[in-house]
Every structure is written in structure tokens, then in C-alpha cells.
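There are 2 protein chains.
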Amino acid sequence: MTLDPGAGASQAPAQGTPGRLNHSIGAFEPELGGVLNDVTLAYETWGELNADADNVVLITHALTGDSHAAGGPCAEHRRGGWWDPMVGPGRPVDTGKYFVVCSNVLGGCSGSTGPSSVDSETGEPYGMRFPVVTIRDMVRAQKRLLDDLGVSGLALVIGGSIGGQQALEWAVEFPDFVEKAVPVAATGALGPQGVGMSEIGRRAIMADPGWQNGDYYDTGKTPEEGLAIARMAGMMTYQSAPGQWERFGRRPAGRPALHKEFGGRFEIESYLHYQGNDLVGRFDANSYLYLGRAMDLYDVANGYGSTEEALSRVCAELLFVGITSDWLFPASEVKDTADKASRAGARSNYVEIDTLSGHDAFLKDWTELEQAVKPFITNT
Amino acid sequence: MTLDPGAGASQAPAQGTPGRLNHSIGAFEPELGGVLNDVTLAYETWGELNADADNVVLITHALTGDSHAAGGPCAEHRRGGWWDPMVGPGRPVDTGKYFVVCSNVLGGCSGSTGPSSVDSETGEPYGMRFPVVTIRDMVRAQKRLLDDLGVSGLALVIGGSIGGQQALEWAVEFPDFVEKAVPVAATGALGPQGVGMSEIGRRAIMADPGWQNGDYYDTGKTPEEGLAIARMAGMMTYQSAPGQWERFGRRPAGRPALHKEFGGRFEIESYLHYQGNDLVGRFDANSYLYLGRAMDLYDVANGYGSTEEALSRVCAELLFVGITSDWLFPASEVKDTADKASRAGARSNYVEIDTLSGHDAFLKDWTELEQAVKPFITNT
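In the order they appear, the protein sequences are chains A and B.
Numbered according to the numbering used here, the first sequence spans residues 652 to 1031.
Numbered according to the numbering used here, the second sequence spans residues 652 to 1031.
Accuracy of the hints is not assured; some may be wrong.
Simulated DEER-style distance windows between Cβ atoms [said to hold, decoys possible]:
1) B:E682 <-> A:R933: 39 to 47 Å
2) B:N1030 <-> A:R906: 29 to 37 Å
3) A:Q926 <-> B:G747: 51 to 59 Å
Below, in silico cross-link-like pairs of lysine-lysine (BS3-like), each with a Cα-Cα straight-line distance of 27 Å or less [unchecked claim]:
4) A:K1015 <-> A:K748
5) B:K872 <-> A:K911
6) B:K872 <-> B:K911
7) A:K872 <-> B:K1015
8) A:K872 <-> B:K872
9) B:K1015 <-> B:K986
Hints are computed from structural coordinates only; laboratory data are not their basis.
Remember, predicted model here, so these are calculated numbers, not experimental data.
The C-beta atom is built at its ideal place from N, Cα and C for all residues, glycine as well.
Given these sequences and hints, build the entire structure.
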């Protein structure tokens, strides 16, 4: 691997995840206003950069993901990389061939600058004084990281959910830099049902007295209950009704109770409690607010005259992946975005994963996912 | 109208809604345990009871409804009866022909005994010491009211959502008493997605420090924010994704803000805030918990060997009404319940309302609803 981190770069291993590096991209101006004096992105890489620095794959993570897309279990990642079956030698994202980069998003809480970071001007965590950041901001920050790493172009950018929004935005924002883009389970703009579910989670966090208008850091009190409820609402949008019938049905809970009984307890409730509780231990509530808001606000047409005008900028070949039972980003809307890209002149493909897993399929239905994306990735 | 309220009955006009009466059905033992020493049901009637006391229609209301199914606006009901277009002279439920009864459910907060009622043993409101009540309990309480009113049988029982669960339960629990039953937008048992959404609302209420384990009455503090969030989660299940695209899309909010801006505000968010806020002013949070739990717990098979065994008890002719875009009680599951009733030997019919209105269609798509149910009601 040959890296030229550039003059302004500072690299130091981040804590908790071996192999994770921190890199400063300097000052950053989010598109909706405000300024961040010094933005750090945490990232990981796999494989070797070639001499032309163009064998690069960027993996963009989803809402509560992070840079640890691949690799084995570690202290922070008991189950290993969140996309590990997709990334490695001989896998769809082949680390024998590609130099693979995954960075924690701007606004996140796993090493990259976000609301829990200390504002150097005040010496205090940003909290809700952190500027609103968008999918485009995340992509622009990633571009600065790649530039500093000496990358000359992306052979592929791929991700699911808000990672899929980033993949699409990459192709629109930096058309000459991207050869292929694979937005999985993502559209040009989230629908009102998704925005509504997102808002339920936000209100739950903000209504929690532990939230304290976002200034809960170092108070010994956090919006745990609110974040857990937000996660529960999120989990509902990641699964499908038939999938939940199959997995949970109306069976009584088997797990230990996290909350008081009230006329019995269903497995689905117990599962939601568990998932809510699990996120509280590993994710910052303010980051959850900011990243969810970025998902809601994203519209590929933002800043252009129309969706078509935005999509007409694309030079990359696109593969949109829809999931039949997805209700956060319904397959019909993913296909509609793919069709719009075609009509706008892009080389746009669409493939559908037929599953009951819902939106979550991109994080678990490995065989189907590989079948959907591998031919597109390997076809040169 | 000829009424024999029976020896134990006490009738007095309830406050707030002209025409609403209170009736004591005495002590009541909910099926899952506990005892209520003195249960009052608030109810309203329209039309005249005939000499045989068998021209009776019972209307069963949904989660946040009450006895005011029909009639004009009053102080408590600015928009009039919640099913007014369905009930009146010449309307599908014809008050020129039928004696129509609608009572607020056991566990409710609009005159009937519920968690906000004072427990005569302690002199304090029940709060969460109120026993868990079921759909079957609601139906058994209604039966006692009808017996006291001298009603000899139901020509029809009809309702939507948990009102539909009650209509179905009536036909199973009191097979000889019911001639026709019309469960609208209801199945034999709610699916895990519905239970999960319900649990999100419950946790939001219970996490609100104003809830105080249910003992918030007379403390000057109520779980307003939690109840509003629960209502928002409920509203999501009452609408459909395509319906929300049509009605709200991604349009910015036009209403005054009830909550702080955070990177802009969408119409769907503003609508949810409004709906949440609106319920807070008119509904008791503990009642919301109990009635939602009754919806979750209802399984027509409860107490029988199977769904089929339960449905084989039915003597009434059934009409199940499904709503194509309903995701709380999906049309396919309503149809499945209708089919199971047929296979169990019941005279079971199924009709579908094709609409984008979602679950809420039974409270707004009047023309379609009338077309769906009127032929069945008037066919003798």
C-alpha cells in the first residue's frame, strides 16, 4: 500500500478498534450553514492501493454503523465487521483486487467529528450546537479524506440505507470520480412514512429529561430511554410484517424482561426492548438525531432544478438494489429512482432481492446480496 | 322507546355530551384476574326499541372513540359523532328502523369505568392498579348493559379496529344473541408489527416522568409528551405509505410549529405533532395503555382449542370488511379470518374497500364504507 497522506493529515490509531485510523480533513462548512473548525474522520482500509491509485472501493455505512465494515470481532465489535461476508479476498468486494476504504460518517460517534466531539472554540462538546449535516456533507468530507489518501478515483462506491443515499450522492456530486455506484435499499428521497417514523424516534429522544437539550455529556444522565424507543421505532422500519409474523408471530417472550409485564409480553416486544437497550450502550443519542435527520432531508434533487437534472450529471454506471419487503425504502421507489436515472441518460440498472427480511436484508441476506451485486462489481 | 333499566340500574346524564347516560352494571370480574366493585358504562342510544326488543344495533368504537357515534357537534365533540354519516334515518345503520346503542368501553375514559375512575375501596383513582381488561371483558360488560336495557337480541353489531375485534368477539362469546356481526378492519389477532408499534407508544408513555407509574391524577403533571408520541406512532399505523405520499409527500410544514425546527420541518411531522397534541387534551394516558393492550392481547382463539374452534361457535352471519391499504390489520389477514370462519362453518362474507386511506378508511371513506356494508345490513 502506497499512501501520501498529504501535508495537513494527521494519522493516529483510534481507540477500541484495531486498524482504525483518525485523519483530520481540516475546517469544513456544511451546506446548510455553520462551520466546523477541525473535522476528523475515522476510517479503516483493507487491501492495497495500486500504482494508479484507482483500484479503490468506498463502502458507506448505514445509520448506526461505523468504519468497521470488515474484519473479525474486537472489543467494540463483538460480531465482527458489519459487512464482513461482503468484503475480503474472493468476496464481492475483493480485497485481493481492491483497496477498500470505509469511514465513519461526519456527525457520527465512532471516531469522526460529531455532536459528541469537543468544539475547540468552547472546550465543550457541540451537542445540538453541531450544525445540521447532510448526506452531501458526508460525501464531501469522504472526498477530502480520499484526496488526502492520494486516491485518484473510485472504482466503486457501495452502501445500504443512508449508505445507499451516500453512494447515489457520490455519483451525482463527483461524477468524474466514480466508475460504479451501488445504492442498496435507498432512493432519491425518503417518503413521508419514513420521515414520520424518524420523527417519532426524535421526539422520544428529545422528550427524555436525560437529553437536556443535547447537553447531557458528563452530566451522569443520558437520554437512554428515549434513544431505546427511537431504536425500537427504527427497528420496525427495518423489518417486514410477513417477516415478523415468521420470526416472532404472537409468541410469548422467551428473553428475560427488561420492562414490567402488562398483561403478558410478546416476543416482538422483548426483541424490541433488547435492540433498544443494545444501541444505548454503543451509540450517542445526538448523533442518532443528526444522522436520522440527514436521511430525512436527503433529496438527490437538492440544489438542482429537478431529480432528473441531478441524475443527468451521473457518469458512473449505477446498480440500484431494491428489497421486495423493504418498507423504509420500498422496492417500487428504488426502481422508480433507477428508472429516472435511465431516463436522465445514466447507465442505470436495477436488481431486486426477494426476501421477507425487509430493509435489514442488506445486513443479513448474504447469499442474495452477493448474487445481486457481484456480477455488476466484477463485470469490467 | 320502552326501557326497563332493571333494579340495580342507576341512570343519570353524563357531563359534556347531551344524551349520554351512565349505567351501573355492578361488580365485574375481568377474565385475566382482579375485580371491579362497581362498573359504570356510559352510553348513548338513537331510535326506538320495538316491542320484541330485538331491533337493536350495537356500535362498538375504536381505541380513542367513545359513545358519541352519531349526532351533531357538542362541547366534547366539535366535529359531531365519529360515525355520524353511517347512523341516522335512511343511513346504513337506520335509526328509523333500529334502536342503536353505543357505549364507551370498559377501561375507557369517556364516562365508563377505567383507570382514571376512583376505586371505591381506596378513594383514589385506580391508575395502574386497574386490572388488565380484554376485548372479551368489554363485550361481557356491554352484554350486561344490554340485558339491563331489556334488549332480547342484537340484529347487528358493527365496529372498526378494536371495535371490529369486539364485533367478532360478540359473535363468538354470545352466539345466540347476535344475528349479524360486521368486523371492519379487524382480524382474529393482531400481528407482531401492530403489537410492536403499540409497544413503542406504551414505552413512550411509561418513560415520561409525568406518568409517575400511572399515579399522575391530581399531581398537576401528566405524561403529555409520552401520550403525544404514542398517538404519533398510532397515527402511522392508521395510514398507508401511498396515502401519505399523496397527502403529505415531502412538502414543508404549513402549520405553526409545535416543536423546535431541526434542519427544516416536513408537513408529515407537523401533522403528527398536531395529532399527538390533540389527543393529549381529550384522552387519558392510562386508558390509552389499557385499551391498546386489549387490542394486542385479543386472540379470538383465547380460551378455545384453536381459532377454528372459536369461530365454529358463531351463529351470526358475518361480514368482514378489509381495507386494501390497511397495515395495522392488513386486508389479507382480514380475509384470512373470514375464510377461517367459513371453514369453521359460519356464514362468513368478505368485502374489501379499495382506498389509499389505510386503516383510517373506516372513519372517513363514507361512500365506500356504505357500499361495503349497507347491502349486508339491509338484506333480511
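Numbers of unmet hints, in rising order
2, 7
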